[in-house]
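Residues per chain, in single letters:
Number of protein chains: 2
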Amino acid sequence: MRAPLHRRRHNLTADFRNAKIDALLITSPANWYYLTGFTGESGTLIVTGKGATFITDGRFMEQGRAEMSGVRVIQQKGSVFESVGQFLRDSRSRRVGFDASQITVGQLQSLRKAAGARVRWISAPGRVESLRMRKDATELAQMRRAAILAGEVVQSTIGLLKPGIREFEVGAEIEYQMRKRGASGPAFETIVAFGERAALPHARPTAKRLGKNELVVLDLGAILGHYCSDITRTVYMGRAPKRIRIWYGAVLEAQAAAIAAAKSGAACGDVDAAARQVLAGYRLDHLFVHSTGHGLGLEVHEDPRVARGQKKRLEPGNVITIEPGVYSAGIGGIRIEDDVAVHAGRTEVLTRAPRNLIEI
Amino acid sequence: MRAPLHRRRHNLTADFRNAKIDALLITSPANWYYLTGFTGESGTLIVTGKGATFITDGRFMEQGRAEMSGVRVIQQKGSVFESVGQFLRDSRSRRVGFDASQITVGQLQSLRKAAGARVRWISAPGRVESLRMRKDATELAQMRRAAILAGEVVQSTIGLLKPGIREFEVGAEIEYQMRKRGASGPAFETIVAFGERAALPHARPTAKRLGKNELVVLDLGAILGHYCSDITRTVYMGRAPKRIRIWYGAVLEAQAAAIAAAKSGAACGDVDAAARQVLAGYRLDHLFVHSTGHGLGLEVHEDPRVARGQKKRLEPGNVITIEPGVYSAGIGGIRIEDDVAVHAGRTEVLTRAPRNLIEI
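Going line by line, the protein sequences match chains A and B. Numbering follows my numbering, with no gaps: position 206 of the first sequence is 206. Position in the second sequence (from 1) plus 1000 gives the number in my numbering.
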């Protein structure tokens, strides 16, 4: 793992001159893991052309030294941002880049105060995130494993559905199955929604029991070797009425259209539009209340966004979800979601569970 | 649940005149749940003396209307902060409070731009958090249940420990047990650390197998009815050597001293010092690399902080953890943690698992 991490830090700093910065603050755990391998939860990484320094508190000194190679580890005095500011004040860095979406107003105040007037603060957003969008072969292999694991869990969970089971019991089984298969945990709070509750795209499991003739939405993801997966399947408890069959078919067709559109070079907004157009053909587009998908990797939501009007073009190495859905209060919801890797000449669906309507 | 939420919003706005604000932005899920009962993950709550408005995206409109009473729910156009800014521009609010520790530099830029020059942005930190520190009887009852659940899980998990079991298997069992007992999930990433890995205060479960003559640190918490618990127990696989017994006894004595010091009116820094002084008597204070505890409630880390030099005085209704520990690379670590509620005339330990050294 060591050499690729050096290379990632090198790729990051190679562009510092264009960005007119000589140091960059990295405050998000996913970003510092990507650049250093550190798995702890607290600290700040400072990357300069000369090297990398991690400032953290006493809880993480031992772990920081054990996990990072070629990174200086320093224990903070006072708050981490005071210590980072003081470190920069005493360093040669004069133009320090930061991401305005990842630093609070209060943190920037602390940094400015501690660093003093000689340090200038330069907005340098999304620099690590844009490297992270293009997954390398090792990352793709890991994401494939995480996706396959999620597909196995969703299939084994569907086998457990029976009238009377509670949403939270199904949620517990899902996360237990993930961990038994080696996942470090769920990538997000597992969604289990029965019946009318399926109309809430982000329903958390409750004590509701599964009734006959109800929709079931299962949306789950696993973290395996630090990489996330994300899959949704919708099943029907009983024989689905005609309207549900039509809606399910429309969502499935919308998903297939978006997957087909997700080619290297395609604009993300066009992938979103591909799903939306199919649903419009069924006059269901007004029930599709969220975007078609999102990037996936060390975090469950990352760049690129697959949403209306997004001009960003897909590149080889991008991994995105494709997850159209329709939702109607009083009826429920239907969503089908898979994870897709974009390659130079082809698109690879990483998740492998069947997508046809399952009636139990 | 409705009336207490109205009262909480009233308590919040009652102080707006002193704070010289006529509206307050609430951007943290725990804060908006506390004030409105909304359990969704995205949006912004705006509270004024005249009422409350929640601005969110399409995914949460249905849920927002179902869960909140007396709160206007508006769907955002563009980003939520653009919509909030536009809403404020068109409102009568001219002095809008925000928490600099909860708003990013980028979000404040969006807000300022959309709200225009007539809206002034006033730093108003921690206003909901300071209400949340004083738990009412209903909250305390819920926290008692969450704490008892965590104690049951830690005890049943200790019963499963045997040589050869992997850290992540124990982690999976812990979270499964939580959910089976009704928890909505873990309050934080469960810590399971065997042997030398116990020297890392925040070790995540790995594939490491439990060996004979190793320490085991289990640190877990459950979310039950939205409230968090947090407990740590350290056990020894085998007959503990003399040094481990002495260290364990020192940590237990430090914890007892801090619990005894955690009385209404005591400064949090003095509670921390009580633990530290006991460890200093054993010449172990240099191995105690974190603070003694933290507030607990809707979030697993909230005010007050029980750390060196903290002047904040404990009040009835505060719930804090007391969790001294010692850590040494190559040997391992020992931590004992319980949750404590402060009342007017007494201190209540909410977690109920035995604290003596267990040798398996």
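Do not rely on the hints blindly, as some may be mistaken.
As the list claims (entries may be wrong) - Cut-off 30 Å, straight-line C-alpha distance, at most; resulting in silico cross-link-like pairs (DSS-like, lysine-lysine):
1. B:LYS1208 <-> A:LYS312
2. B:LYS1208 <-> B:LYS1242
3. A:LYS208 <-> B:LYS1162
4. A:LYS162 <-> B:LYS1180
5. A:LYS20 <-> B:LYS1113
6. B:LYS1263 <-> B:LYS1242
7. A:LYS180 <-> B:LYS1212
8. B:LYS1242 <-> A:LYS113
9. B:LYS1208 <-> A:LYS311
10. B:LYS1242 <-> B:LYS1162
11. A:LYS20 <-> A:LYS162
What the hints contain is simulated information worked out from the structure, not anything from laboratory work.
Verification of the hints:
| no. | hint | verdict |
| --- | --- | --- |
| 1 | B:LYS1208 <-> A:LYS312 | 42 Å, violated |
| 2 | B:LYS1208 <-> B:LYS1242 | 25 Å, holds |
| 3 | A:LYS208 <-> B:LYS1162 | 36 Å, violated |
| 4 | A:LYS162 <-> B:LYS1180 | 17 Å, holds |
| 5 | A:LYS20 <-> B:LYS1113 | 26 Å, holds |
| 6 | B:LYS1263 <-> B:LYS1242 | 34 Å, violated |
| 7 | A:LYS180 <-> B:LYS1212 | 23 Å, holds |
| 8 | B:LYS1242 <-> A:LYS113 | 49 Å, violated |
| 9 | B:LYS1208 <-> A:LYS311 | 46 Å, violated |
| 10 | B:LYS1242 <-> B:LYS1162 | 22 Å, holds |
| 11 | A:LYS20 <-> A:LYS162 | 60 Å, violated |
Hint compliance for this structure: hints 1, 3, 6, 8, 9, 11 are not met, and every other hint is.
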